[in-house]
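In order, the protein sequence lines correspond to chains A and B. Residues 0 to 132 in numbering that gives the first Met the number 0 are what the first sequence spells out, letter by letter. Residues 0 to 393 in numbering that gives the first Met the number 0 are what the second sequence spells out, letter by letter.
Some clues are possibly wrong.
[What the hints assert, rightly or not] Sample of chain B residues at the chain A side, in silico, Cβ under 8 Å: (1) Tyr146; (2) Leu148; (3) Ser156; (4) Tyr207; (5) Ala256; (6) Glu258; (7) Ile265.
Don't read these hints as lab results, they were simulated from the structure. Where is the CB? At the ideal position from N, CA and C, for every residue including glycine.
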Amino acid sequence: MTTFLPTPEWLLLDWNHACIAADTLCIQRCGDCGQWRHPPRRLCPSCYSAQSSYQAVSGRGSVYSFVVSHRSRDLGWQEQVPYATLLVELEEGARVLAATSISPDRVSIGQQLNLRIAIRSDDFVLLWADDPS
Amino acid sequence: MIPADIWGSTAIVGVGETDYVRGSDRHICDLILDASVEAIADAGLSPSDVNGVIPPPGYMSTEEIAANLGIPDVAYHVSVPMGGASPTASLQSATMAIACGVADTVLVCMGWNGYSALRPKADKPPSRRQMNTGPMGETVRNAYAPYGLMSAAQHYSLYLRRYVEMYNVPEEAAAAVAMACRNHAHLNDKALMRGRPLTLEDYRESPYIAEPLRKFDCCVETDCATAVVVTSLERARDLAHPAVVYLGGAEGHPSPADEIASRDNILELGIHRAAPRAFERAGVTPHDIDVLEIYDCFTYVVLLQLEALGYAEPGGAADFVADGNIELGGKHPMNTHGGLLSQGHCWGLNHVVEATRQIRGAAGKAQVENAELALVTGYGDFGDGSVAILGVDR
Ligand SMILES: [Zn+2]
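Please build the complete structure, drawing on both the sequences and the hints.
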């Protein structure tokens, strides 16, 4: 059973397309002050600049928080319970959600990991953390 | 107008509520109208006295409500889409409208099919009416649901997990909130969970939904409606019940409010901003309050709100909720109607109804002795917050 696939629009669609075109994780970056930000926004929340671009990042980061779900309304996810969803702080500073094959009992806050993209459709990439063990 | 004159110039004069049930035969619009009719009658008024309406965030419009109640002349209406923070924040909007002379008497109502919407009966198509999901819809659909995070329990666990780990918040603190609400529900004829005891053992044995949230950390889904009527304090003094003064209130939003992950401090919610504003406007301090009605969609969210209100240091609410402190007879009785956890989920307008009854001295078996000041909170969407402070007329 597959999990829910979204059909994003507007800025999130631009971001997904940027990742697909670069074939790697990209994050929006302010063209003036250089701050990385996610989700994408029209104006920079630090300097209010409208200039920005999507740039490739290392994918390295650490677990800032995480959710261990024991039930899901989505049948595809329900097959996988319990599963962890990670909130990862990238070394560039922005935070992103990531799915993972790491077992929930081996996830901890502060844990270092690498993210990659998994292209799920022409308009959507899922961020993924492989189990390093 | 001097802004400070607003606070304390209005009062709640009527309240109404339906039963809180798992599956109602009433249409959602009838539930909302039943509660509204009751609230207007409770005030000793007629629909023609109402000229302001703040409808639920979704489900039913001001136009429909006015037409079906026979309100002839709506001079003011506004929508307040902040999820569960909406009804309590609406008291602020009602007060601004009345204090500015835009409206005389405002109906605030809320109702929904919180149980039936997810569990339609085979012989009865579910209502197509829906909530206004505010900023959440787009974010959940495009950013959270693809990662398996569909429900509020899952979204809020993004910060509750970090909260629990950063401060070693004990499970017993969450259980104390759940058990206090349940104990109070036993005193309330309208509470869904009345007569169904909840022990610490029951709590510990209940399954996880999304860690740290267990089943008994989550509120009950119900079909229900509530309504309150707000007018000027001057007019309130001529009406049926003792005036319950809206001494002050506020709303607040986390930054950003439309999603959770990118917040600088993921544990700073809307109420952290609303609470100091509300206390200042009302001219009271946290320890002046006699009754707390805290929005309890999830137990851990209550703990965070108590800290935001100043009842404990960040991460320290466990001591505050221990030893029966938040139960009737304790120092800070909380959710005396059973709350969303054990009375039913009416987006916190049921908390406003209960606070009003407490200040009237009409809360029955759950009455807090000499209750002169009550504080209500609202919490909704991705952590929007609202506060209302109600008191006796002096
Ligand atoms: Zn910038």
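Holds or violated: is there a CB of chain A closer than 8 Å to the CB of B:Ile265? Result: holds, 7 Å to nearest chain A Cβ.
So, B:Ala256 near chain A? Judge it on the closest CB pair being under 8 Å. This hint is violated: B:Ala256 lies away from chain A, its Cβ roughly 13 Å from the closest one there, beyond 8 Å.
Given B:Glu258 was flagged as interface, is its beta-carbon under 8 Å from a beta-carbon of chain A? 6 Å, holds
Using Cβ atoms only, decide whether B:Tyr207 comes closer than 8 Å to chain A, and label the hint accordingly. Check passed: Cβ of B:Tyr207 comes within 4 Å of chain A, closer than 8 Å.
Go through the hint on B:Leu148 and say holds or violated, using the shortest Cβ distance to chain A against 8 Å. Holds, because the Cβ-Cβ distance from B:Leu148 to chain A comes to roughly 6 Å (cut-off 8 Å).
Given a cut of 8 Å on the nearest C-beta pair, is the interface hint for B:Tyr146 held or broken against chain A? 5 Å, holds
Quick one, is the B:Ser156 hint okay against chain A at 8 Å, beta carbons? 4 Å, holds
Of the numbered hints given earlier, the model fails hint 5 alone.
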